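In case you want the letters, here they are:
2 protein chains.
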Amino acid sequence: MEIKTYLNNQRLAVEGALEGYMLAAGVENGLFAAHVEAMRYSLFAGGKRIRPILCLAAAEAVGTRPELDADLLPIACALECIHTYSLIHDDLPAMDNDDMRRGKPTNHKLYGEAGAILAGDGLLTWAFDLLSGEESGLPPEKRLAIIHLIARAAGSLGMVGGQLLDISNEHKEFPFETLRAIHRSKTGALIMASILAGGVAAGADQGQKEALRCYGEQVGLAFQIVDDLLNATSTTAQLGKAAGSDACRGKATYPAYFGIEATRQKAEAAVEEAESALISFDAKADPLRAIARYIITRSH
Amino acid sequence: MEIKTYLNNQRLAVEGALEGYMLAAGVENGLFAAHVEAMRYSLFAGGKRIRPILCLAAAEAVGTRPELDADLLPIACALECIHTYSLIHDDLPAMDNDDMRRGKPTNHKLYGEAGAILAGDGLLTWAFDLLSGEESGLPPEKRLAIIHLIARAAGSLGMVGGQLLDISNEHKEFPFETLRAIHRSKTGALIMASILAGGVAAGADQGQKEALRCYGEQVGLAFQIVDDLLNATSTTAQLGKAAGSDACRGKATYPAYFGIEATRQKAEAAVEEAESALISFDAKADPLRAIARYIITRSH
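From first to last, the protein sequence lines stand for chains A and B. Our numbering applies: residue 40 is where the first sequence begins, and numbers increase by one. Our numbering applies: residue 40 is where the second sequence begins, and numbers increase by one.
For reference, chain A alone in the conformation it holds in the complex:
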C-alpha cells in the first residue's frame, strides 16, 4: 500500500475514534461546553497523528493485532491527547509564545491563557481516563504496563522535563550532547512510548521490544532533525507557524551545529538505522519501515 494512503486511512480511523470517545464520554454537554470546545479545537486542528499511527503500526509489526485494532485505538488516541496538550502548553505566552500552529491561531489566542492551560490539563487527564476506561478490552496487566510507560515518557524525566530544559537553554551555548538530551526527552520519549505501547499491547517478546526500542530511538531522532530542518528552510506559509523561529529564539538545532547539508545526511542515516533495527521483522513491519522513510520526505 502506498504510504500516503496508509497514513491517511490510519489518521481518519484515529480521528473517528477520538470523536466517538468524546461523544461517549458525554463531554459535549452542559456546563463544560466552553472547556470541551477549547480541547476539541486543538485536538482537531489538523495533526498528522504520527504517534497514534506508530502505536498501531508497531502492534501490527509484532503480528498478533490487526491493522486497526479496536482495543488499541483508545491507547492511540490517548497518545494524541497527550501530544496535543503539550503543544497547547508549549505555545503559551510564558513558554514559546506562538500565535500560529498548523496555520491556525494557537489555543490561547482563541480561548485565553486560562482556557488554554485548562484545555491542556483536561487533555492530559483525559488521556489517562481513556487508557484506564472500558474503551479497551486488553488485559489489565498490559494496560497498566502501557499506562506506566506512557506516564513515564510524558512526565518529568521525559516530555515535561525536556520542555523546561528546552526553554531554559534558549540563547545559551551548550555541548551537542545536551541538545540530544533535550530532543530525547522533549520529543523522543513520547514517540518511543507510542511504539512500545503498541508492542506491549501485541505481546512483543524481549527481542522484539529491543528492536522496537532501537527503531523508536532512530525514528524519534529523524523526526526531530527534520523538524529542525523545516524550521530553518521553510516559509511560514509552508510550516503553518512562524518559520525561522528557532534561530530567532536562540534555540540550538541540528543545522546550527552541523549546517544544512550534514544535517540532511544525519536524518538519512537515522532512517537507515531505523530500517536496520527491523531486520528480524517480516512484511507486517512494512508500515513501520515506510513511516521511517516518509519522515524525511514529509512536507507540511
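Some hints could be false.
Claimed, not checked - Partial list, computed: chain B residues near chain A (C-beta under 7 angstroms):
1. 156
2. 171
3. 172
4. 174
5. 191
6. 193
7. 195
Source of the hints: derived by calculation from the structure; they are not laboratory data. The model shown is predicted, which means the values in this text are computed figures rather than measured ones. Idealized CB from N, CA, C, for every residue including glycine.
Could you slot chain B onto chain A? The hints should help.
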C-alpha cells in the same frame, strides 16, 4: 485516638512516602534538577494532606486494609500530587493570580510562569506514573479501576472543568445550583475520588461504596463551605493567603448567598449527614467520622 494526633501521624506517613518515591524515581538527579525542585517546593509547602488521609481512612473503614497500607500509599500520594498541581495552576497570573499560598510565595513567583506550568504538568503526570508503577502491589484490575475514577474526577467533567467554570463566572450572578455544580466539580470530585479509591482498594461492596459516596458528597460540601467561611472571616496571616479574595474577585460563595450564620449551620448539617452516612460501619470508620467533625473546627 485524638484526631489531631491521627491526622499528624497520617500526614507524616504520606510525606515520608512522597519523599521515598521521589528519591526512588531518581528524579533528584541530573538535567532535570530545576524542574524537580519546583515540583518539590509546592509538594512540600505544608499541605494538610486531607485527600490522601481520606483515602487511607476509607480503606480502613471498609476493614480489610490496615491503617497505614503500603499498597495504598502510592495511591494516596498520587492524589496529593494531583491536588498540588491544581493549586499551582490555579495560582497562575492567568487564573487566580495569587502571590501567596500557605504563607509562602506561590510557585510561579519563585520559578516563573513557565516553570510553574511545567511543575504542575509534571506533578499531574507523575500521579499516573505512581498509580501505574510497581510501588503498589494491589491487583491490576483494582488499580485500573482506581486510575479511572481518579482520572475522571480530576478531568474535564471534574476538577479541571470546575476550575474553568469558577473563573469564567467571576463577577457574574448565577443561581445557587451553579455554585453547587462548581464546588462539586472543582473540589468535591477529587475528595470523592480519594474516598472511593480507598474503598475500592479495600474491596468495598456495593452498599459500602454507596455509603462512602454519601459521606464523600457531604464531606466535600462541608470542606468547601468552611473554605468559603475562612476566606470571608479570617485575616491574611491566619489564612496564609490573601483573605477576602473571594469577595474581591466577585466569586460567589456560601456566605454571599446565605450570610455567615446560616452558612455555619449548613456546614454543621453537612457534617451530621456525613456521619449518618457511615451508620452501617463499625468503629474502624471512626477516623472518617472524626475527620468530618474536624473539618468544621479546623484552624489554619
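Results for each hint:
With 7 angstroms as the threshold, the beta carbon of residue 156/B comes within range of chain A, its nearest partner Cβ sitting at about 6 angstroms, so the hint holds. Checking residue 171/B against chain A by beta carbon gives a least distance of about 4 angstroms; that is within 7 angstroms, so the hint holds. Taken as an interface hint, residue 172/B checks out: its beta carbon lies about 5 angstroms from the nearest beta carbon of chain A, inside 7 angstroms. Evaluation of the residue 174/B hint against chain A yields a violated restraint, the C-beta minimum of about 10 angstroms exceeding 7 angstroms.
Interface hint at residue 191/B: satisfied, since its Cβ lies 6 angstroms from the closest Cβ of chain A, which is below the 7 angstroms cut-off. Nearest Cβ of chain A to the Cβ of residue 193/B: about 5 angstroms, under the 7 angstroms cut. The hint holds. Using the Cβ-Cβ criterion of 7 angstroms, the hint placing residue 195/B at the interface with chain A is satisfied: the shortest such distance is roughly 4 angstroms.
The structure fails to meet hint 4 from the earlier list, while all remaining hints are met.
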